[in-house]
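So the sequence lines, in the order shown, correspond to chains V and B. Quick note: to get my numbering, add 66 to the position in the first sequence (first position is 1). Quick note: to get my numbering, add 66 to the position in the second sequence (first position is 1).
Keep in mind that the hints were calculated from the coordinates and are not lab data. Errors might be hidden in some of the hints.
Note: identical chains are not told apart, hence a pair may lie in one copy or across any two.
Derived EDC-like pairs (lysine to aspartate or glutamate); straight-line CA-CA distance at most 20 Å [unchecked claim]: (1) LYS456 with ASP381; (2) LYS288 with ASP277; (3) LYS265 with ASP225; (4) LYS71 with ASP426; (5) LYS450 with ASP299; (6) LYS288 with GLU278; (7) LYS456 with GLU475; (8) LYS450 with GLU325; (9) LYS71 with GLU217; (10) LYS500 with ASP478; (11) LYS175 with ASP462; (12) LYS453 with GLU364; (13) LYS262 with GLU107; (14) LYS71 with ASP141; (15) LYS500 with GLU180; (16) LYS456 with ASP376; (17) LYS456 with GLU159; (18) LYS450 with ASP261; (19) LYS175 with GLU189; (20) LYS71 with ASP381; (21) LYS453 with GLU425; (22) LYS291 with ASP426; (23) LYS71 with GLU159; (24) LYS288 with GLU325; (25) LYS71 with GLU116; (26) LYS262 with ASP478; (27) LYS288 with ASP136.
Number of protein chains: 2
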Amino acid sequence: MSRPKPLSGFPEFAPAGRIIEQRVLASLAETFELHGFGSVETRAVEPLTELTRKGEIDKEVFVVRRLHADAEAVDELGLHFDLTVPFARYVLEHSAQLSFPFRRYQIQKAWRGERPQEGRYREFTQADIDIVGAETLAAHHDVELPLVTLEALERLHIDFGIPPATMSVNNRQLSEGFYRGLGVEQPNEVLQRVDKLDKIGPAAVAQLLRDEVGLSAAAAEKCLKLASIRCADASFVDQVAALGVEHPMLSAGLELLAEVVTQAAAAVPGRLVADLKIARGLDYYTGTVYETTMAGYESMGSISSGGRYDSLASDGRSTYPGVGLSIGVSRILVPLIGKGVLTTTRPVPTCVLVSVDSEDTRADALAIATQLRARGIATEVAPKADKFGKQIRYADRRGIPFVWFSTGEVKDIRSGEQVAADASSWLPPQADLKPSVVHSSLAD
Amino acid sequence: MSRPKPLSGFPEFAPAGRIIEQRVLASLAETFELHGFGSVETRAVEPLTELTRKGEIDKEVFVVRRLHADAEAVDELGLHFDLTVPFARYVLEHSAQLSFPFRRYQIQKAWRGERPQEGRYREFTQADIDIVGAETLAAHHDVELPLVTLEALERLHIDFGIPPATMSVNNRQLSEGFYRGLGVEQPNEVLQRVDKLDKIGPAAVAQLLRDEVGLSAAAAEKCLKLASIRCADASFVDQVAALGVEHPMLSAGLELLAEVVTQAAAAVPGRLVADLKIARGLDYYTGTVYETTMAGYESMGSISSGGRYDSLASDGRSTYPGVGLSIGVSRILVPLIGKGVLTTTRPVPTCVLVSVDSEDTRADALAIATQLRARGIATEVAPKADKFGKQIRYADRRGIPFVWFSTGEVKDIRSGEQVAADASSWLPPQADLKPSVVHSSLAD
Chain V
67 MSRPKPLSGF PEFAPAGRII EQRVLASLAE TFELHGFGSV ETRAVEPLTE LTRKGEIDKE
127 VFVVRRLHAD AEAVDELGLH FDLTVPFARY VLEHSAQLSF PFRRYQIQKA WRGERPQEGR
187 YREFTQADID IVGAETLAAH HDVELPLVTL EALERLHIDF GIPPATMSVN NRQLSEGFYR
247 GLGVEQPNEV LQRVDKLDKI GPAAVAQLLR DEVGLSAAAA EKCLKLASIR CADASFVDQV
307 AALGVEHPML SAGLELLAEV VTQAAAAVPG RLVADLKIAR GLDYYTGTVY ETTMAGYESM
367 GSISSGGRYD SLASDGRSTY PGVGLSIGVS RILVPLIGKG VLTTTRPVPT CVLVSVDSED
427 TRADALAIAT QLRARGIATE VAPKADKFGK QIRYADRRGI PFVWFSTGEV KDIRSGEQVA
487 ADASSWLPPQ ADLKPSVVHS SLAD
Chain B
67 MSRPKPLSGF PEFAPAGRII EQRVLASLAE TFELHGFGSV ETRAVEPLTE LTRKGEIDKE
127 VFVVRRLHAD AEAVDELGLH FDLTVPFARY VLEHSAQLSF PFRRYQIQKA WRGERPQEGR
187 YREFTQADID IVGAETLAAH HDVELPLVTL EALERLHIDF GIPPATMSVN NRQLSEGFYR
247 GLGVEQPNEV LQRVDKLDKI GPAAVAQLLR DEVGLSAAAA EKCLKLASIR CADASFVDQV
307 AALGVEHPML SAGLELLAEV VTQAAAAVPG RLVADLKIAR GLDYYTGTVY ETTMAGYESM
367 GSISSGGRYD SLASDGRSTY PGVGLSIGVS RILVPLIGKG VLTTTRPVPT CVLVSVDSED
427 TRADALAIAT QLRARGIATE VAPKADKFGK QIRYADRRGI PFVWFSTGEV KDIRSGEQVA
487 ADASSWLPPQ ADLKPSVVHS SLAD
């Protein structure tokens, strides 16, 4: 076997990158659990019928079948392409064991057969939170979910130097009501074109709205004006009113969105911004919708998206409305780690290498290692009783900061300082106990 | 959508079971890191050519292809069926970034298309550790690996009440040398039949050795005698010698195995037992081999297996010998959780529910929750300003032990005790801070 090449779209971290990912995932899980979200993990596969139910995404699904299945066997399973479809199935399957409103987080990989490009992978890790009610779900959860997500992202910023995030929020009822107020009968057709605003610009969108949806020039102009409204407080309500469009659904949407933005502005000023062009084109949201950008990486697209859905799932007897947000962990980390913006103090857990005088005394070195591990100090024993210079170079190559000698001394191989130490009580400086994430402001 | 049925062979935990799994995986990772093993995570897919290279397992592979791939497109990818094949590829691909001997652990799911039965799943979680050298790898790692694994399993026993484990060890050179000493030219043919001993018994194996491999009755008898040797110290060396078979490979295997057993007996008496019938039939091990049973669950088969391989991988220039062990996390946990042997003190992370007097004062409840979370106390705010009795019943249904009232009092809803408390300083009893795993000796 010659040296294998990486598989495009399937990012994989070297050991240091994996340490960063572990720290980030642990931090996200801790924030979610502090807010009462419990972990759920679902199987990787779902029935193809469920995965392709929405129609729009079926070309991106990876089908899974046994190598020696009959040639005529019908494909039945596929890898999940997000964590929402499997969660909906999980809620229905386990509903008798759950109590509602049910709060869960789910950190898993998902797979899409799409063309790999920056920010889009064929295998990627997501971290989702959702709250799901039985029959009803109160509106205040539409504020809670983005606040928990922003808190989780803020902690990544503070602890690891990941760029700060700003979340944009809109409400589907607001947009749909506005279009209906303009006389549009298929508001989704307008929504899908407005969704292209960032890609093709306002003039092209206006033309599409006129040519393809049949809007008057004045109506198209109003749609663009609506989409241009963005502010961090409830003043958007007056700006929309100034456009002179009226519809009960528009009023309801305005009220809901004003509530979300006002409450969020009190909690995290400037971090949750009403942005009336947010559409989440192909998704099945029915109310509030969210998108998030990372400062300096806006072109990469949203790092955290989600929204409110009237019915996550229904089993005929019960309907489960929910609101959820998904953090694109791979989308955040693959570029930051790949460009060297995030690194670690060392690429191994090991804090101490216990040197070995000769193979006959390896047991003594093992005993010292056991003493150190008993106090939580990650320790290896040198693989070979080489000359000490070689053992130190081994530690250096692996990134291990301390080397222990049978003389009862420990050397910090970075500074060269060597001191007497007792294996039953010595502790490294707290900062050296475990590898930590380093943000390099020089890179990128 | 009606209520979905579970998919056979794809076990999934309800929230309490998932908490147990999280604790077990965190415990394993901690033990591995204390011994200097770093985490590696590989993509879920590998080229089919690599997955089917060994020939024996190809019928069990799940093939992955894009739903809309051309009908004539050649299948190229499959889900990994273990963590060794992907790790071998990872070592070759990233060798320039690794330093050897390289120590890694890998906790991930694997998939096999085999018929589901107790202890065998189509999707399962494994926790692997391996040490891989460049060109050479010292023999003492054959002792280190089982000791780390036994320490990890012992910690699961102490902390969570998972039944204790006993590991059996053999050496392929010992068996092969013995068979060659008997004049057998295809020792694998003997090995594969001896491997059936537990299933079909000694008489049937003897018959297979005579009829299918062509051994004399006396030679077949000696093979069975060898396979019956089992002891926790190096006395097996004399027992083998008493069988009167000689071969240089046999001597080498005896010496290696005696070293492993003697050193392990000093470290963990009685936990690593020489058992000369262990074969690991279809695997590609070349020296020491390991299998592990869990007390009371012996019929389930091995919960942790592995061995030494002369060449994990080779890229033409370098060869990478290694030794590794894999813990079958699903095989251990699915029955223990399913039968109720392991449960948790509660199925949610939440420690405190802050009650809400009215929707107008929800912000006050949120502020109290923020104060509690700042000290690491997982807290939810009641979803609805119901009567207090209803809010307490909500906490009870979710398993949340404490309810906080705006009067500045906190109630332990299990005992009914209600005391005055300050949200800026109150702490729950340590045992209530997080859910913990409970071993029920009544169950099973």
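Outcome of the hint check:
1. LYS456 with ASP381: Classified as neither; 66 Å inside a copy, 26 Å across copies.
2. LYS288 with ASP277: within (16 Å within a copy, 89 Å between copies)
3. LYS265 with ASP225: Neither. Shortest intra-copy (34 Å) and inter-copy (55 Å) distances fail the 20 Å Cα cut-off.
4. LYS71 with ASP426: neither (43 Å within a copy, 60 Å between copies)
5. LYS450 with ASP299: neither (65 Å within a copy, 26 Å between copies)
6. LYS288 with GLU278: within (16 Å within a copy, 85 Å between copies)
7. LYS456 with GLU475: Result: close within a single copy only, 17 Å intra versus 63 Å inter.
8. LYS450 with GLU325: between (66 Å within a copy, 17 Å between copies)
9. LYS71 with GLU217: neither (38 Å within a copy, 37 Å between copies)
10. LYS500 with ASP478: within (15 Å within a copy, 37 Å between copies)
11. LYS175 with ASP462: neither (34 Å within a copy, 33 Å between copies)
12. LYS453 with GLU364: Answer is neither; intra-copy 53 Å and inter-copy 46 Å both fail.
13. LYS262 with GLU107: neither (34 Å within a copy, 36 Å between copies)
14. LYS71 with ASP141: between (30 Å within a copy, 18 Å between copies)
15. LYS500 with GLU180: Neither. Shortest intra-copy (38 Å) and inter-copy (41 Å) distances fail the 20 Å Cα cut-off.
16. LYS456 with ASP376: Neither, since 65 Å and 25 Å both go past 20 Å.
17. LYS456 with GLU159: neither (58 Å within a copy, 26 Å between copies)
18. LYS450 with ASP261: neither (62 Å within a copy, 35 Å between copies)
19. LYS175 with GLU189: both (7 Å within a copy, 14 Å between copies)
20. LYS71 with ASP381: between (46 Å within a copy, 12 Å between copies)
21. LYS453 with GLU425: within (12 Å within a copy, 72 Å between copies)
22. LYS291 with ASP426: neither (81 Å within a copy, 35 Å between copies)
23. LYS71 with GLU159: between (41 Å within a copy, 7 Å between copies)
24. LYS288 with GLU325: So LYS288 and GLU325 fail the 20 Å test inside a copy (24 Å) and across (83 Å) alike.
25. LYS71 with GLU116: between (34 Å within a copy, 13 Å between copies)
26. LYS262 with ASP478: neither (57 Å within a copy, 54 Å between copies)
27. LYS288 with ASP136: Neither: 57 Å inside a chain and 44 Å across chains, both beyond 20 Å.
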